[in-house]
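Protein chains in written order, with this note's numbering: chain D, 30 to 315; chain H, 953 to 1244.
Derived from the structure by calculation, the hints contain no laboratory data.
Accuracy of the hints is not assured; some may be wrong.
[To be verified] To spell it out: a stretch of chain H is covered by chain D in this simulated footprint if at least three of its residues, at any positions, have a beta carbon under 8 Å from a beta carbon of chain D; those stretches are: (1) 979 to 986; (2) 1064 to 1078; (3) 1140 to 1149; (4) 1158 to 1171; (5) 1191 to 1199.
[To be verified] Only part of the chain H face toward chain D is listed, based on derived beta-carbon distances under 10 Å: (6) T996; (7) M999; (8) R1006; (9) N1007; (10) D1008; (11) L1030; (12) F1085; (13) T1092; (14) G1154; (15) F1155.
Glycine included, each C-beta is placed from N, C-alpha and C at the ideal position.
Residue strings, one per chain:
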Amino acid sequence: MKPNTISIRLALFIIPLAILAAGAGVFWQGTGEPYPFETLRGETVMIRGHGLYRFDTVNSSAQEIGNDIVTLLIGVPLLITGIVLSRKGLLRGQLLLTGALGFFLYTYGSMSFLTAFNPFFLIYVALFSLSLFGFIFSMKDLDVDEISRRISDGFPRRSIAAYFIIIAVFLTLAWLGLVASPSLTWSPPAGLESAITMVIQALDLGIIVPTSFLTAYLLFKKQPWGYALSSVMLLKILTMGAALISMITVQILSGVDVDPVFSTIFVIISLSGIVLGIITLKNIRN
Amino acid sequence: MKPNSVFNWLVPLIAVLALALAGVGVFSQTGDTPFEFVTVHGKTIEMYGNGIYRNDSLFAGALFRGTDVVTLFVCIPLLLVGFLQYRRRSLRGSILFVSMLVYFLYVGVTYTFSVAFNSLFLVYTALFSASLFAAIIALTSFDAQDLADHVISGMPHRGIAIFMFVAGLGTLMLWLSELIGPITTGQAPANLGPYTTMFTHGFDSAVITPATVVTGIFLLKRKSLGYLFAAPLLILCTIIGVEVIVQTISQAMVGIIFPVGVYIGMIGSWVVMGAFAVGLAISYFRNIKESV
């Protein structure tokens, strides 16, 4: 299989920039104390007050740092592995590369539009741009027919399709639960913090939920794109799952109140995503 | 472009969502007045305070309302015209159709991520989602080689390519000039207002500029995808040129008056860009034959 050179080249730029951006988030702590701030909606939130995320709230910055740790420990190594294996012309490598680019796309799309403006803004934007175009080229070069040929019989097609439906339904219910009633009453949605709008909810409801349903449908129908999308989506969920677990951990360590039921469901979904992602990769013959 | 039945429900959905977005945007009134808000950066911002954009700044609220007028009276009709022509298998109509799907994707993304959370949040998100999938389906099912085969010799390849470079890189330079200072000093950008971050600056720099540069290069190399990408970008620039005029009027109506230099320099340059885009778009469509 021909390695997709454009996405590899773009991915090579992502590695140093991501290490820089995520490293700064984790290690640039600076000095200063959290302070209260009255938001546009009249809520009082605690602003972090120090480090790179000084203008984000204590809660959002804990999530950003949690995500940075995953970017450094899992995202970057996964991307490097994807590049190396992809250069060897391995199908698994291409899927790893595409999935990792998907993770960076989601991560730096949300960092670009949800993190309070800070000196790293243009680096987030560059990472968003590189991962967007890298992801598009990588998807374009995926040989979906070859993927469906190389999927072995042990691939748990129906379970994975069901998993995507569960993810889509859970995300829909969870996020509509947050935004539906504030849409009618003009009250501030829970989790808005000091941000202007609900970026994660829009990304999940607008992209992840429909793609999950689509993947499940294509898998049930045994369509080649079903296998390709499910590999890419599972890799993204695998990394996002790790990020969520890390975020919740940092939130708890920072003394943020975390909803136990919500968090537990997220952790279960994430862990099962990690398991299914590994099973998928194992069921692709080289 | 291969006919696809999925558009039979996606396009009406996009039209209805856009109608809700722009209709409510233009006509919603709550009778409230502008109020002041102190941002996390300690700046006092005058807020719109009225209608659906009550939690946006006066500057942005008036701007969104201006955009809504153009979306409502120009862009939704153009989407429907393009869709009908696409259904009649017209090549030019199909190009218009794809271009309008890309425009609504741009609108959907912008409103979803840059308008202060309001009652239409789920409408914005649904429009963003529907137009994203519709644009992906339309662009991937378009036979770019077939389009290239319908291009006749008058096509201004170089003119469009130069326009792409100037518009894309010019926008990038303009946005960077507003960001470099705040980034080096750690201050908030002058136009941040009550917002989390600089959405338009980020999105244009990350997506639109690379898209224009790639399109320009493709056109110079006579690659077929260049023809496919050129139309949505020319039409987007045209619509933005019109929108800047209406946005400026809308802002003047709430008392935002700029110094003369701003009207000539900033706003004038967007309008000039739009004028060039119109000319090139007309020339583009004239140089595509319906039949080989």
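Verification of the supplied hints:
Only residues whose C-beta sits within less than 8 Å of a C-beta in chain D count toward coverage, and the region 979 to 986 of chain H has 0 of them, not enough to reach three; the restraint is violated. For the region 1064 to 1078 of chain H, the stated coverage by chain D holds: 14 residues have a C-beta nearer than 8 Å to a C-beta of that chain, and at least 3 were required. With 7 residues having a beta carbon nearer than 8 Å to a beta carbon of chain D, the region 1140 to 1149 of chain H meets the requirement of three or more and the stated coverage holds. Chain D is given as covering the region 1158 to 1171 of chain H, and this holds because 3 residues of the stretch bring a CB closer than 8 Å to a CB of that chain, at least three being needed.
Under a criterion of three residues with beta carbons nearer than 8 Å to beta carbons of chain D, the stated coverage of the region 1191 to 1199 of chain H fails, only 0 such residues being counted. Interface restraint check: T996 (chain H) against chain D, minimum CB-CB distance 13 Å, threshold 10 Å, status violated. The restraint placing M999 (chain H) at the interface with chain D holds, with a minimum CB-CB distance near 8 Å, inside the 10 Å limit. Taken as an interface hint, R1006 (chain H) checks out: its beta carbon lies about 8 Å from the nearest beta carbon of chain D, inside 10 Å.
Because the closest C-beta pair between N1007 (chain H) and chain D is about 6 Å apart, less than 10 Å, the hint holds. Using the Cβ-Cβ criterion of 10 Å, the hint placing D1008 (chain H) at the interface with chain D is satisfied: the shortest such distance is roughly 9 Å. For L1030 (chain H), the suggested interface contact is broken, since its CB lies about 23 Å from the closest CB of chain D, more than 10 Å. Because the closest C-beta pair between F1085 (chain H) and chain D is about 6 Å apart, less than 10 Å, the hint holds.
Hint status for T1092 (chain H): holds, given a least beta-carbon distance of 9 Å to chain D, under 10 Å. Because the beta carbon of G1154 (chain H) sits about 4 Å from the nearest beta carbon in chain D, less than 10 Å, this interface hint is met. Below 10 Å, beta-carbon pairs count as interface contacts, and F1155 (chain H) has one with chain D at about 8 Å; its hint therefore holds.
Violated hints, in rising order: 1, 5, 6, 11; the structure is consistent with all others.
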